[in-house]
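Enquirer: So you can see what is in the structure, the chains are spelled out below.
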Amino acid sequence: MDFGGINPVILLASLMVASTPILLAALGEMVTEKSGVLNLGVEGMMITGAVCGFIAAVETGSPTLGFVAAAIGGMALSMLFGLLTQVFLTTQVPAGLALTLMGTGLASLLGQNYVGIKPPSLPDLHVPLLQDIPFIGPVVFQHDAVVYLSLFAVVAVWAFLKYTRAGLVLRAVGENHAAAHALGYKVKLVRFAAIGFGGAMAGLGGAYISLVRVPQWTDGITAGIGWIALAIVVFASWRAGRVLIGAYLFGGITVLQLNLQAAGAKVPVELLSMSPFLATIVVLVVISARRHGGTNAPAMLGRIFHTS
Amino acid sequence: MKRRTLLTAAAAASALTLGLGAPAFAEDPTKVGFIYVGPVGDGGWTYEHDQARLKVEAHFGDKVETMFQESVPEGADAERAITQMALSGADIIFTTSFGYMDPTINVAAKFPNVKFEHATGYKTADNVGVYSARFYEGRAVQGTIAGMMTKTNKVGYIGSFPIPEVIRGINAAYLHAKKVNPDVEFSVVWAYTWFDPAKEADAAQALIDQGADVILQHTDSTAPHAAAQKAGNVITFGQASDMSEYAPMPRVSSIIDNWAPYYIERIQAVMDGTWESDNTWDGIGPGMVGIGEISDAVPEDVKAAALEIKDKIASGEYHPFTGPINKQDGTPWLAEGEVADDGTLAGMNFYVEGLTGEIPQ
Numbered sequence: 001m002d003f004g005g006i007n008p009v010i011l012l013a014s015l016m017v018a019s020t021p022i023l024l025a026a027l028g029e030m031v032t033e034k035s036g037v038l039n040l041g042v043e044g045m046m047i048t049g050a051v052c053g054f055i056a057a058v059e060t061g062s063p064t065l066g067f068v069a070a071a072i073g074g075m076a077l078s079m080l081f082g083l084l085t086q087v088f089l090t091t092q093v094p095a096g097l098a099l100t101l102m103g104t105g106l107a108s109l110l111g112q113n114y115v116g117i118k119p120p121s122l123p124d125l126h127v128p129l130l131q132d133i134p135f136i137g138p139v140v141f142q143h144d145a146v147v148y149l150s151l152f153a154v155v156a157v158w159a160f161l162k163y164t165r166a167g168l169v170l171r172a173v174g175e176n177h178a179a180a181h182a183l184g185y186k187v188k189l190v191r192f193a194a195i196g197f198g199g200a201m202a203g204l205g206g207a208y209i210s211l212v213r214v215p216q217w218t219d220g221i222t223a224g225i226g227w228i229a230l231a232i233v234v235f236a237s238w239r240a241g242r243v244l245i246g247a248y249l250f251g252g253i254t255v256l257q258l259n260l261q262a263a264g265a266k267v268p269v270e271l272l273s274m275s276p277f278l279a280t281i282v283v284l285v286v287i288s289a290r291r292h293g294g295t296n297a298p299a300m301l302g303r304i305f306h307t308s
Numbered sequence: 001m002k003r004r005t006l007l008t009a010a011a012a013a014s015a016l017t018l019g020l021g022a023p024a025f026a027e028d029p030t031k032v033g034f035i036y037v038g039p040v041g042d043g044g045w046t047y048e049h050d051q052a053r054l055k056v057e058a059h060f061g062d063k064v065e066t067m068f069q070e071s072v073p074e075g076a077d078a079e080r081a082i083t084q085m086a087l088s089g090a091d092i093i094f095t096t097s098f099g100y101m102d103p104t105i106n107v108a109a110k111f112p113n114v115k116f117e118h119a120t121g122y123k124t125a126d127n128v129g130v131y132s133a134r135f136y137e138g139r140a141v142q143g144t145i146a147g148m149m150t151k152t153n154k155v156g157y158i159g160s161f162p163i164p165e166v167i168r169g170i171n172a173a174y175l176h177a178k179k180v181n182p183d184v185e186f187s188v189v190w191a192y193t194w195f196d197p198a199k200e201a202d203a204a205q206a207l208i209d210q211g212a213d214v215i216l217q218h219t220d221s222t223a224p225h226a227a228a229q230k231a232g233n234v235i236t237f238g239q240a241s242d243m244s245e246y247a248p249m250p251r252v253s254s255i256i257d258n259w260a261p262y263y264i265e266r267i268q269a270v271m272d273g274t275w276e277s278d279n280t281w282d283g284i285g286p287g288m289v290g291i292g293e294i295s296d297a298v299p300e301d302v303k304a305a306a307l308e309i310k311d312k313i314a315s316g317e318y319h320p321f322t323g324p325i326n327k328q329d330g331t332p333w334l335a336e337g338e339v340a341d342d343g344t345l346a347g348m349n350f351y352v353e354g355l356t357g358e359i360p361q
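One line per chain: the protein sequences are A and B, in this order.
Residue 110 in UniProt numbering sits at position 110 of the first sequence, with consecutive numbering throughout.
Residue 350 in UniProt numbering sits at position 350 of the second sequence, with consecutive numbering throughout.
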């Protein structure tokens, strides 16, 4: 089953691992943006989550507690953003950038004593019976719980936004906060919740890098993944399913191109290196352009809501 | 109005204090700036530069004041960062990555009184010196260990950018692995980054998936070691820093950069007013390149062979690029016994014979 020296089973399995951090963070940011808040601090929340998760996992010996701590850490930082933008009504773009700067610095400070330590590893969940299916089994059913959690989250977010009352309220707040306010919905509360969810998901994504994908703590470990997640939300035109496609495309092609290089494929390396960006943008733009003429952005994205 | 009077009075008072206080300082401290490509906690390249900065502080005490900016992207933004440092009164600025070469030269032209030292580049000016270490000497030692220890005869190499420094390392490692193991094959993956732990881990994983059981890296984080550790029977080498937290397995040895003596010497020259633009390129002999302890995971005979080649290089008895060596396309480069000159090495843009793949141009 080898294609050009690459085993597709191994490739697909590592594709899912490589894509999970982006998927988690992008999904959280999508919900935040759906409520009309543009939080550019994804990178900062991810790295804070990465360090909080790492510290908690090392100290308690439990990766599960690590992920819980990561979600709390990411959420705590996002609450700061919420306080700034929802209570003190600062502009969201600089507040988000500041959050990234602060998160990076904070993570570096917290992680000082944790460089070079090996975290406890998260066991792979071997789904009984299903894992024995040839080809698909090892690819899909032998990952750790967080991979499944992220896939479940895609469905959950999609269903939440589409079918639940709370999801409708959240979208209403993002489309027209004045009208939502007039109807008696608590705009700020909804936005705080959305910001918090975004922070928690970014924290989980960060912890997935420091606990599973790399497993170690190093300064600057997220190395710009948060920005990719932000971009994927936009290119996926704020739809959960497309966020999944975007994240898997980006993560997948990143892994694929490294494998192609390692296998000595006769493709120029420059082309391979830019292929994740290129393919993700092209695919998402094409599918977004077909269905809707205009942009699908929440109308109140980045606007300050002022109750008078 | 009142407040303004108060402020003026306060300003005058502080000016007075400063004026009176001034004679207490014999002279202003020499201000030294560092521009880093990664975070100081990367555990590799930038970490070692920062360790050297701390040694500079310890050596000179109150006579120096150091400042640094970390994670400065290579390219246009570097120019802003270097300019900022020059404006804030630095007397000498060390720019510590290859990609800062043109920005350093540009900024230096605007600040003729500030001294600049650019690491691993080749462009100099009246106030710009360059320095680098002969990492390829360390690569020769690594290649020897890699060639003797690989069981699959596949060695993976994570390259950062296709620049001469990295290509030299690949060539040196390959030549010496080949010397002890004629069947050895190298696969090179270009990560196009100096520091991105997740990507470095993925690159290491891809190489391991392809059957490599030795991973050499020219990127700065310890992520490939973590990937190798997870995989089991794969050995790695510390890059720029000892990375001993991964010893004895997977990290079996390392190349350690030791910049402190050079920094201290150059800063002393600035203090004495004797600084001149230079081009320093030191290796194992003078101690700029250190070989980290070879761990117990390495069999005794391999260790002995590695140490022998290290000692021969240190004493100057042996040069890692000694002919006969052909280029990748089979054209002769060095004749029997001929030694590569520094000019060719500094601009090396070709693979030696036996390496597969192409260097991205």
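Careful: at least some of the hints might be erroneous.
With a Cα cut of at most 16 Å, we get these calculated EDC-like pairs of lysine to aspartate or glutamate [to be verified]: (1) B:K230 to A:E59; (2) B:K327 to B:E358; (3) A:K118 to A:E175; (4) B:K63 to B:D311; (5) B:K327 to B:D311; (6) B:K178 to B:E353; (7) A:K118 to B:E276; (8) B:K303 to B:E276; (9) B:K31 to B:E265; (10) A:K266 to B:E358; (11) B:K230 to A:D132; (12) B:K123 to B:D102.
Hints are computed from structural coordinates only; laboratory data are not their basis.
No experiment lies behind these values; they were computed from the predicted model shown.
Enquirer: Give a verdict on every hint.
Expert: Hint by hint, here is what the structure shows:
{"no.": "1", "hint": "B:K230 to A:E59", "verdict": "21 Å, violated"}
{"no.": "2", "hint": "B:K327 to B:E358", "verdict": "12 Å, holds"}
{"no.": "3", "hint": "A:K118 to A:E175", "verdict": "46 Å, violated"}
{"no.": "4", "hint": "B:K63 to B:D311", "verdict": "37 Å, violated"}
{"no.": "5", "hint": "B:K327 to B:D311", "verdict": "27 Å, violated"}
{"no.": "6", "hint": "B:K178 to B:E353", "verdict": "11 Å, holds"}
{"no.": "7", "hint": "A:K118 to B:E276", "verdict": "46 Å, violated"}
{"no.": "8", "hint": "B:K303 to B:E276", "verdict": "41 Å, violated"}
{"no.": "9", "hint": "B:K31 to B:E265", "verdict": "15 Å, holds"}
{"no.": "10", "hint": "A:K266 to B:E358", "verdict": "9 Å, holds"}
{"no.": "11", "hint": "B:K230 to A:D132", "verdict": "23 Å, violated"}
{"no.": "12", "hint": "B:K123 to B:D102", "verdict": "8 Å, holds"}
Checked against the numbered hints above, the structure breaks hints 1, 3, 4, 5, 7, 8, 11 and satisfies the rest.
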